[in-house]
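Protein chains in written order, with our numbering: chain A, 66 to 410; chain B, 66 to 410; chain C, 196 to 812; chain D, 196 to 812.
Because the hints were derived from the structure by calculation, they are not lab data.
Watch out, some of these pointers could steer you wrong.
[As the list claims (entries may be wrong)] Facing chain C, a subset of chain D residues (Cβ under 8 Å, in silico):
hint, residue
1, Gly255
2, Tyr258
3, Leu427
4, Thr519
5, Leu524
6, Ser543
7, Gln557
8, Asn563
9, Ala566
10, Glu663
11, Ile667
12, Leu767
13, Lys772
14, Glu781
15, Leu805
Ideal Cβ positions, reconstructed from N, Cα and C, are used throughout, including at glycine.
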Amino acid sequence: MATNEEVKEKKLTAKDFASDQDVRWCPGCGDYSILAQVQRTFPEIINKDVEKIVWISGIGCSSRFPYYMNTYGFHGIHGRAPAIATGVKVANPDLDVWVATGDGDLLSIGGNHFIHACRKNIDLKILLFNNRIYGLTKGQYSPTSEKGKITKTTPFGSIDYPFNPVSLAIGADATFVARTIDRSPKHLQEMIRRAGEHKGLAFIEIFQNCNIFNDGAFSLLTEKDTKDDSVLVLEHGKPMIFGKDSDKGIKLDGVKPITVDLASGSYSKDDLLVHDEFSDEPILAMILAHMTDHPSLPTPVGVFRQIKRETYDGGIRDQINLVTEKRGKGDLAKMLYGANTWEVN
Amino acid sequence: MATNEEVKEKKLTAKDFASDQDVRWCPGCGDYSILAQVQRTFPEIINKDVEKIVWISGIGCSSRFPYYMNTYGFHGIHGRAPAIATGVKVANPDLDVWVATGDGDLLSIGGNHFIHACRKNIDLKILLFNNRIYGLTKGQYSPTSEKGKITKTTPFGSIDYPFNPVSLAIGADATFVARTIDRSPKHLQEMIRRAGEHKGLAFIEIFQNCNIFNDGAFSLLTEKDTKDDSVLVLEHGKPMIFGKDSDKGIKLDGVKPITVDLASGSYSKDDLLVHDEFSDEPILAMILAHMTDHPSLPTPVGVFRQIKRETYDGGIRDQINLVTEKRGKGDLAKMLYGANTWEVN
Amino acid sequence: MDEVKEKKVEKLADVTVRFAGDSGDGMQLTGTQFSDTTAWVGNDLSTLPDYPAEIRAPAGTLYGVSGFQLHFSSLDVNTPGDVPDVLVAMNPAALKKNLPELNPNGTIIVNTDSFDPKNLKLARYESNPLEDNTLDGYHVYKVPISSLTSNALEGSPLSVKEVARCKNFFALGMMYWLYNRPLEKTQEWVKKKFVKNKDIVDANLKALQAGFNFGEITEIFTTRYIVEPAQLPKGKYRNISGNEALSLGFLSASVKSKLPLFLGSYPITPASEILQYLSSYKNFGVKTVQAEDEIAGVSSAIGAAFAGNLALTTTSGPGMALKTEAIGLAVMTELPIVIVDVQRGGPSTGLPTKTEQADLLQAVYGRNGEAPVAVLAACTPTDCFYQAIEASRIALKYMTPVILLTDGYIANGSEPWKIPDIDELPDISVSFRTEIEGFYPYLRNENLARPWAIPGTPGLEHRIGGLEKADITGNVSYDPDNHNKMINIRNNKIKNIANDIPDLKVDGDETGDLLVLGWGGTYGTLKDAVKRARAAGYKVSQAHLRYINPLPKNTGDVLKKYDKILIPEINLGQLAKLIKSEFLIEVEQFNLVRGLPLKSKDILGKITELLGGNNGN
Amino acid sequence: MDEVKEKKVEKLADVTVRFAGDSGDGMQLTGTQFSDTTAWVGNDLSTLPDYPAEIRAPAGTLYGVSGFQLHFSSLDVNTPGDVPDVLVAMNPAALKKNLPELNPNGTIIVNTDSFDPKNLKLARYESNPLEDNTLDGYHVYKVPISSLTSNALEGSPLSVKEVARCKNFFALGMMYWLYNRPLEKTQEWVKKKFVKNKDIVDANLKALQAGFNFGEITEIFTTRYIVEPAQLPKGKYRNISGNEALSLGFLSASVKSKLPLFLGSYPITPASEILQYLSSYKNFGVKTVQAEDEIAGVSSAIGAAFAGNLALTTTSGPGMALKTEAIGLAVMTELPIVIVDVQRGGPSTGLPTKTEQADLLQAVYGRNGEAPVAVLAACTPTDCFYQAIEASRIALKYMTPVILLTDGYIANGSEPWKIPDIDELPDISVSFRTEIEGFYPYLRNENLARPWAIPGTPGLEHRIGGLEKADITGNVSYDPDNHNKMINIRNNKIKNIANDIPDLKVDGDETGDLLVLGWGGTYGTLKDAVKRARAAGYKVSQAHLRYINPLPKNTGDVLKKYDKILIPEINLGQLAKLIKSEFLIEVEQFNLVRGLPLKSKDILGKITELLGGNNGN
Ligand SMILES: Cc1ncc(C[n+]2csc(CCOP(=O)(O)OP(=O)(O)O)c2C)c(N)n1
Ligand SMILES: Cc1ncc(C[n+]2csc(CCOP(=O)(O)OP(=O)(O)O)c2C)c(N)n1
Ligand code: SF4
Ligand code: SF4
Ligand SMILES: [Mg+2]
Ligand SMILES: [Mg+2]
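So that you can see chain A by itself, here it is in the shape it has in the complex (with noise of 0.2 Å):
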């Protein structure tokens, strides 16, 4: 067997991510594509060592995820994850930690952590595999279920609005928010890179067929026929066009988002709407983030936003610092012995 040194000295490559366990989902899932976009970017992006890499999940098909990833993993409970992750992070802040969860676990059971995190900006990646249903429990709707749809559950259709995971995120002021989709492992992959670089809380949603229980749900922005038109890819800086032959752009009218012709010569690109990733203001990414309200815009994909924040377990170990160079080091016997003190003889 390998000693310590050794095995740190060997140079990474996609399979030395993978852990000896086999893969245990459905054969087809959307999850092995996510799987695999993490293990050939993680090589490149990780500049900590191996080791430091911990993965967190809760519990679904997703929540599966860290067994098969050969770092430290803990495959916690239902919902939990965020909350387990803030604990090993906070108590050591040189690990990386990422969180990979569904869509039941993250934003039904989980939800409050789930904000909570974002709010604290505690320095976490949190992939959300959402395929749009509960997939280990065999099909009951989730929370990010369209309304009417009809499950196990729902058979005669569910009645509720389903959360949009990028304006909850949005609304709860996290600092880096993004989106993504399974069959696009290119961008997969970009996303998984910025969000390892992002120094604070960092929540990627990624559109994940389930296709046992929800199969075809994102295939309006998979399909080769489909998907050029109803994707829109968001690149900073970079006025917003999407369609088959980049002919159609977004607007802005008032604060509404509306699709222009640019074949038509009515408009140019001068007229649309230019991304900004680093808006002080979560407005834009809030405009960008309801565009999926309206059956006839593009879905964006990409990074809605990204600001500069104190990150929580930062501010904990530099508060930690501050304090002990005012005091000194804690020294347990003056503790102890602290005030009001008398000698009996």
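Following the hints, position chains B, C and D with the ligands against chain A.
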């Protein structure tokens, strides 16, 4: 003792809504004003019989509220008021269900139930008593406490960013979002009235002074000499004007609100942002919500957003009616005998 | 078809079959169809589905094997069978995994087409078990099921993959032939299930028929078996699983109490089906809320109970743990809710698709403070129906939360059910308080139940909550003596339910050398074991607890009459702990926690070990 | 000041004082100051703060009364006193509420200024008790405390309201005079506390001195009391509450284990103080996370334990109920965390500021599945320090969650503490696994503990989680036999801790007519009662459990040596249940659940009732 009919016949006044229980808040607490305004408003706005009103709460000083209202009431457990209220409302959609809650109760432990109630548009009226502190447990910081706050659990200052409750509610797609202040009785009454009229989830953030553990948290917005310059009262269809002499206005610079001086002559009312409570898009509401990020901007109060959507409880009722109509009222014997039976003789 | 007549026909009293294959092979469906048909022809039966936590683990792997065991008989059936007599193995992994449990001279039917090098390797077979001596001693029938299926479906418009998926119907048809069962029920089912896709209907029906025909034609089957109908009591029957029976039980309770049924729940294996069933009963006015989590599920049920519904929440172990704080609130507010815990393997996430009995002490004690609730347990799939009604009755009558325990085995397992006459079901109707005169929220009736005055009732406006309540008025009270009083009242209220439940019944002699005492889903196994022990001359009786808190009043008296008490449980001795602390008697324990039902032969072994040669012979 | 010499001086061995007034009157502060000074002058003491759930209920109301009881003595003190000898009542409500508990010929000092019609009405007095015969039989001292205070502060720049608020310092000064205590400690405290407001410092010091002087001058006090220092063991002392002792205990455990301390917690009475104390120990590297709820609190602790910190979560009953699912995860992942439950009155929200012992069974059994954890209990305020270290030691050594139970009484109560020498504290350092060779996440050592290999360690990358683990490798395993094996290993790991904890000690003779067996915060009361019973000739001994799961190995042997066992508890008999099921012996119970500590006179009564005349006389 009065008969049921006698009870129903009397004409209601604020006093009729006061229960026989002594009010046990600290003298000077902002909760008194909220109680008074509710009791004052209810006789006018309640289009239902008193017995149809139910107040539900969690745990906290604010959550003692139901005890003081002479209606049906349920003092729940910490954070679960929206969930309990959901059960009440779905079980009997004829009831008028109101929730009294605190910033710890609703946004810390209860955050998940809150965002799901927003998303599902359950027909509940949620009054958040936001004093930016845990009152009942004697002064720990809360998820709305400002960063850097020194409290019992943050002796060196808190390190996390607070929630913006209005932003969170908008991010979670709440259909009615408003804000008001304990010390503005008329405005508070107006917001209660508006919430009462809304069909769907109505959320009101009420700035409430805890004079024991967080005294003066909102003094800028309540003290005579500062309030006019610090508060922006939103009114639908009206340009956004504020200031002691109504000499300041809010204008949009891109998606960024800025304060302009109306007195200088460079700007007129026509340059100002006009409030639209009923916009389909959550964008204006989000812009207004995030004005509190900028100390230079006034704090908006009023209705940020009100939109129409099917309610969750209504949806359940309608679906039951629809299926019953289609399949006929369920017949237990038929159901038990079901399919695939056989006879043993 | 002249050959048919030449085949031997043999009568069997009792057969246990296990279907096994990949999670994607449709074994649960095959098993269910075989069960339904078998029930319909009049056998008594009991089933044990056993599937992996993975949805569709990659084909051919050992951990992806899904199984369905079925015990049917012309006699009384109590268990799904300790060991299968017949194994239908659709691939090498299925064979590998199930062989150790097969009856030593049992029968194996294999799909030979799947025994290719890849699948053999996935199953970790070094050499082909069909060719070495692995299967010596078994009756092995080698059938190329896959190719026979695709032959039969030649010309079908379906894709190769879709055709391949029909092989379970071929296997089913073959088994129907072998055990002499009609195709009709399955044919009906296929037509209804796939009504939207005629090609699939055709293909499945063809495969089914082809399998049946194969039985007739092939030379490898020389014998055909007959298992005659069982002598069941007269009546109308259906085959039903515990989860469905439970759902119908609550539906009946709703009708019989004249209260709308409300379910607040969050999906979790193996309880999700209850939410699924109840969601489909919309035309009974059933309201189902798929909540954001278990806490919201139970909290919404509490709200619904406050508002006057028959309120319910359903879950399994981890979800149960999350509900405990809110159950305490229901204790304090004295509202009627039923909490169903379909137990699964623990601790923590544990073995999510396996059965266990280890939530008993959590149910009885798992809340902060003195928070007594009634705890009931169902003992068979069909008993779930009656215990659902009983749990509702007790909750409504005593204004108390009631926990009803079932388990993964009885929830998923099925058995024939003599459908009751609706009029025979107990009337559990309640009356809400409407009278203003003399109303106090915590003034109790003779059952120590407080009045149920629901919002909407004029003049009875009142407030309840989780703080200690003053006796009678229900106002918040910090008075020390009131607290002690209320703690005792709440405790007595639950204790008194003992006066309102049936005595513990003994199956067998009322005295003897040994009483086998059980609770929950082990009922059939224990019954079987005791029957066999009695047949062997041992003085053993059986008693089974369906009420755990409070215990039936006569429990202590029953226990006293035996020299020894044996308590077998699928946990480390939780009922044993309760019995010991209650009655201060020594008990023998049998504890085996394998995520599976106990086996009656193991219990029989324990009985003979305890009683030695003491069987009167 | 000549009169001084004329006052009688009387020596007392033992006094119990109760300060009572509005929640806004500063009674907790007055009590704490009196305690600190009393400890400092060398008395042994024990305190019982008792405050309402409301923060500042409207002045003058009965439910707004806040009290602080203090028992001090020149002898050994075990309890805060069954009944006060002296009541300081700042208003009619305080008198009304506390009078029933006063010693029948006790002393009352009242603030006569507050006995106006409004306050009398608020206290529901029909007539003025100072003027009718309500107080007959008591020694009543009528002092116009409010007006004397404002007279003393004439000329102060403070507002009338602020001046009025100084009256508690007047009362304190008066009591200092009466019991002959120095002002010095309180003077120092006032100066430090209000350092930012000189006017308030001046006013409070003046009021304090005026109260003291009033004692000297007034004619109503004819006697002054001396309570001599107690004979405590040599050493350095401080007065400390349970919550502070507990916090320092964990801090010491952190230093002694050389691990950073992590606390994930959510505020809840009466546990919040622990979070507050630990938040202030930043220069010890202590990390405190005020989580969004209790589930996040314990989950973050689990994460921190995974990452190699000494991880802790603290709560009270309702929060404990919420943590149970996650504690199961810690059981399955075998990570060392300590869960502190400061018990309060239940069920549900119950009596949030009162004490109780009713979470015991929840601690032992309140999880889904077989999820054994170690359960410890502290028995006095200072014992909290040692049990915090002990809980940490066990968690780290056995890689297991440990639940440590305290209660509202010992958490808030205080007593003198002989500060230990740091070097005497046990070394509980651990070593993380770093060696790659032979590493398996679930390969155990002789304690059945698995290795602790923390993220950041090269070459030991591994995955853990809540699904059942394969023995040794820790891979996910659905194997039935492995499950049974692991269930038993986890159980044995906890059972084996019995080999590593001290024997149950008996206080008194090793055999006898009766053993009083207790656990937790009742220690002092039971000790007192047993002492008094022994003094009266009864053959009674005491044993007190600080370890509940597992029980000390000799527990059964100890119990056997007494004719009777009495288990007094502030619940309905939870330890009694455990003892009965473990040892199958009859036990006598004494259960009184009033949100307050038991009284030793009641226990003494029970002892004499049980033993009748059997006291050897
Ligand atoms: C406390 C608890 N509640 C419920 C469950 C059951 N459960 C397991 S996974 C899951 C939902 C999975 O959905 P999602 O997070 O979307 O993951 P997916 O399987 O779709 O990837 C549920 C409800 C559980 N394991 N624990
Ligand atoms: C499960 C649970 N956790 C914690 C508590 C303790 N607790 C009671 S109220 C409260 C916070 C109150 O803050 P907030 O909701 O802001 O109400 P306020 O008192 O400020 O009105 C807490 C933490 C509890 N009662 N139950
Ligand atoms: S059930 Fe769906 S999400 Fe789960 S593994 Fe299968 S395809 Fe993937
Ligand atoms: S503590 Fe604060 S919020 Fe609570 S009652 Fe007092 S003033 Fe009001
Ligand atoms: Mg999903
Ligand atoms: Mg608050």
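Check: With a cut-off of 8 Å, does the beta carbon of Glu663(D) approach a beta carbon of chain C closely enough for the hint to hold?
Finding: Where the cut-off is 8 Å and the nearest Cβ of chain C is about 5 Å from Glu663(D), the hint holds.
Note to self: Under 8 Å is the threshold here; is the Cβ of Tyr258(D) close enough to any Cβ of chain C for the hint to stand?
What the structure shows: Since the shortest Cβ distance to chain C is 7 Å, the answer is holds.
Checklist line | Restraint check, 8 Å cut-off on beta carbons, for Leu767(D) near chain C | finding: holds (5 Å)
Checklist line | Hinted contact Lys772(D) with chain C - closest CB pair below 8 Å | finding: holds (5 Å)
Margin query: Next item in the hint list is Leu524(D). Is there a CB on chain C closer than 8 Å to its CB?
Written below: Holds, because the Cβ-Cβ distance from Leu524(D) to chain C comes to roughly 5 Å (cut-off 8 Å).
Next item on the list: For the hint on Ser543(D), just tell me whether its beta-carbon gets within less than 8 Å of chain C.
Entry: holds (4 Å)
Note to self: Just to be careful: measuring from the Cβ of Ile667(D) to every Cβ in chain C, is the smallest value less than 8 Å?
What the structure shows: violated (18 Å)
Next item on the list: Could you check if Glu781(D) really has its C-beta closer than 8 Å to a C-beta on chain C?
Entry: holds (6 Å)
Check: Does the interface hint hold: is Asn563(D) within less than 8 Å of chain C, judged Cβ to Cβ?
Finding: holds (3 Å)
Check: With a cut-off of 8 Å, does the beta carbon of Thr519(D) approach a beta carbon of chain C closely enough for the hint to hold?
Finding: Holds - the Cβ of Thr519(D) comes within 8 Å of chain C, reaching about 4 Å at its closest.
Next item on the list: Would you settle whether the hint for Leu805(D) is holds or violated, based on the nearest Cβ-Cβ distance to chain C being less than 8 Å?
Entry: With a closest approach of 18 Å, the Leu805(D) hint is violated.
Checklist line | Restraint check, 8 Å cut-off on beta carbons, for Leu427(D) near chain C | finding: Interface hint status for Leu427(D): violated (32 Å vs cutoff 8 Å).
In terms of the numbered hints stated before, the structure departs from hints 1, 3, 11 and 15, listed from lowest to highest.
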